[in-house]
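**Student:** All chains, please: the whole structure from these sequences, using the hints.
So the sequences go chain by chain: A and B. Note that the numbering used here has the first sequence beginning at 1, numbered continuously upward. Note that the numbering used here has the second sequence beginning at 1001, numbered continuously upward.
Treat the hints with care, as some may be off.
Derived list of chain B stretches under chain A, where covered just means 3 residues or more per stretch with a C-beta under 8 Å from a C-beta of chain A [said to hold, decoys possible]:
#: 1; segment: 1070–1082
#: 2; segment: 1199–1205
Covered stretches of chain A (in silico footprint by chain B; criterion: 3 or more residues with CB under 8 Å from a CB of chain B, positions within the stretch not fixed) [claimed, not checked]:
#: 3; segment: 61–69
#: 4; segment: 104–115
#: 5; segment: 162–172
#: 6; segment: 176–182
#: 7; segment: 190–200
It should be emphasised that the hints constitute simulated quantities derived from the structure, not laboratory data. Owing to the predicted nature of the structure, the values given are computational and were not obtained by experimental measurement. For glycine and all other residues, C-beta sits at the position ideal for the given N, C-alpha and C.
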Amino acid sequence: MRTALHAEWTKLRTAAGPRWLLLGTIVATVALSTAATSMATCTAGGCGGDTTRLALTGVCLGQATIAILAAQTIGGEYGTGMIRSTLAAVPRRGTAFAAKAVALTGVVALGGTAAALGSVLAGRLVLPESGDRALSLAGGPTLRAVLGTVLYLVLIGLLSLGIATAVRDSATGVGLVLGLLYVLPILSATVGDLHWRRLLERAAPMSAGLSVQDTTDPGGPSLGPWAGLGVTAGWAAAALLAGGLLLRARDV
Amino acid sequence: MTPAVTPYPPGRGAGFLRVLHAEWTKIRTVRGWVTGLLAAAPMMVLAALLAGVGGNQEGAPPVPAGPHGGPVTDSFYFVHRPMAGDGSITVAVSALTSSIPKGPGDLGPGTVPWAKAGLVIKAGTRQGSPYAAIMVTGGHGVRMQDGFVNDTAGPPGPVSAESPRWLRLDRSGETVTGYASTDGTHWTEVGTARVSGLGSTAQAGLFVASPPAVRGGGTAGSVSTATFEDLHTREGRTGGHWTGTQVGARSPSFAGYPENTSGSFTASGSRITVTGAGDLAPAVRDSLPTGGHLRDLLAGTFAALIAVTVVGARFITEEYRDTTIHLTLAASPRRSRVLVAKAAVLWAVAFAAGLVGTLLAIPLGERLARGNGVYLFPVSSATELRVAVGTAALLATASVLALALGAILRHGAVAVAAVLVATVLPCLLTALPFTPAGLSKAVATVTPGAAFAVQQTLVPYHQVASNYTPYYGYYPLAPWAGFAVLSGYALASLAVAAVLLGRRDV
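**Tutor:** Structure, rendered in structure tokens:
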């Protein structure tokens, strides 16, 4: 496992793609977050709703580059045929897959932390004093939102890795992941029946997982912050399981 | 497997046709691509099914419709008595104040620009019945309105005890004329309305309406009180036998009174004080929250968009991946032609699949929704056709954008993500309740997601204050202007791709 992990880490470290994608994640997240906060109308009471959530809006965009990065770690290997070398070097496919997942987790956690902290910092610079108070990292809910956002991005990475492994193509993998993330909430919004809409919102990986960013009235109509992230974790686990099993069962 | 490659002979048109045919054969014979493109249609239908069966409004009170056929809000406090045949009614308005709840049960003064107090002649107290009215408003001066959608501006300025406004309505057959005055003797005509269906005996009198105030991304119910003086009809000064009625008390387009308030009128001497809420106006998405509209039935567009985007990007990146691009370009050395042929074939197939999807999804969704008692905002067949064709064109153009980005980046995953982020994410951002309205309008104007304006069917009204944002189905750009934004991105990307394809060493 250690050598496999080392190999995967070297691949991620030395290829130009992941580095640019990680940088892209940070820039995109911070940029969209800053745009959102700079357009908010703030009064002494607050900034119209959940300031922390507003300051972390960019995650909607950042998760797309994370999805590419993750899908590419395996989809790229299928594209170039490198997967054969990988599996020849580490014949235990489960181990090779796990090593990929662990290396990816590390990289995404690193980039995600920079993106989330950068967004909050940008929010504090942009917003007037009332926004500053809401975005103090000393406040428990804000710290939880930042930490949760990093975990959320890691889970999206793992979800994307699992799906890309299952379909053996990074473009299709990214399409499916972004479908799950972006389209499920839009589809659920068209369901008129409140009960079903709630159910869909609670089951969708993005709307459930991002409830970890709620700092005002956590809970509400959504699941609690951690339970919501748990739903995303469930999706990621299912995708990893499906990808792992298919990788073992299939002829590369 | 080494196929012999013969470059196409030079001749202009025939050469392009052969490239076109080659690309058509490619797209037709790769099973995954065909499935992906054709999947667009069932995705649209499935989403329409979901939206159609998802809502249930059976047993809800019917949505009132005005003489123009559209949904209306016809809920207000009416102090009236019968007016047989032709007649005239005059009053002075000396105060109009509005209140908005600051919290539960805590009413505070506020400004409601379209709060209305004045005179109305109406066929009856049934919702949706024809009328003509003249009124003072909270922030838009004197207005003459009829048929729910017609609005004419009169003298501007607010009313107060020092500067009251006299209002007069004259009925002569089907013609109602409204006048305004600052002193009760010198009158200026504000407007004339032809109102058919007033009947031989109409109801005439005072009314007060107070639409919900727009606040943040939502609305808050309001209530307004007006003071009237010097009410008289052509037969002379009257008193006593006026009836107070809350028109349309239970209606899907009326949110009701704020807590602990209700409509009422009191008369003391020549002074009458009337309190009311509601509106006499066309219903918009905000004021008719249970109403569905065409866009809801087409949510499958987003799922279909993903399918056509993935195929569009792979249509070229796959060639880079397994190096068939070498063969393709050897067979047709004029490289930009290959790109144009690919784009044309892709656009046509995606458009056809999308059109089948929309043409099936729209009637199916409408039928299911209506069967469940859901009221749908009415749409003309021309608009319906525009939405169907526009949505198919949106899908096709987005897949060409993915093709062009795929050719530029030579990387399928990045191209797919770029297109989806540029088209779907804007819609998602505008749908989040905490997204500032400015950001929401900006992304719906400059990103390729602006093309979703082709699905706009709702009409904004200047005389109804509401949240006219993409979230509610009101786009900042006109339908085809929004589509042009996406087309611009697609064409520009194709041009860049053509240049790069020509310059690069494959």
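**Student:** With reference to the structure, classify each hint as holding or not holding.
**Tutor:** Against the structure, the hints come out as follows:
1. Note: the segment 1070–1082 of chain B has 0 residues with beta-carbon separation from chain A under 8 Å; the three-residue rule is not met and the coverage is violated.
2. For the segment 1199–1205 of chain B, the proposed coverage by chain A is not satisfied: 0 residues have a C-beta within less than 8 Å of a C-beta in that chain, short of the threshold of three.
3. Restraint check on the segment 61–69 of chain A versus chain B: 5 residues with Cβ-Cβ distances below 8 Å, three needed, restraint holds.
4. Residues of the segment 104–115 of chain A with a Cβ under 8 Å from some Cβ of chain B number 0, which does not satisfy the need for three, so the listed coverage is violated.
5. Only when three residues or more bring their CB closer than 8 Å to a CB of chain B does the claim for the segment 162–172 of chain A stand; here the count is 4, and the claim holds.
6. For a cut-off of 8 Å, the count of residues in the segment 176–182 of chain A with a CB near a CB of chain B stands at 4, and the three-residue condition holds.
7. Given a C-beta distance limit of less than 8 Å, the hint that chain B covers the segment 190–200 of chain A holds, as 6 residues qualify and 3 suffice.
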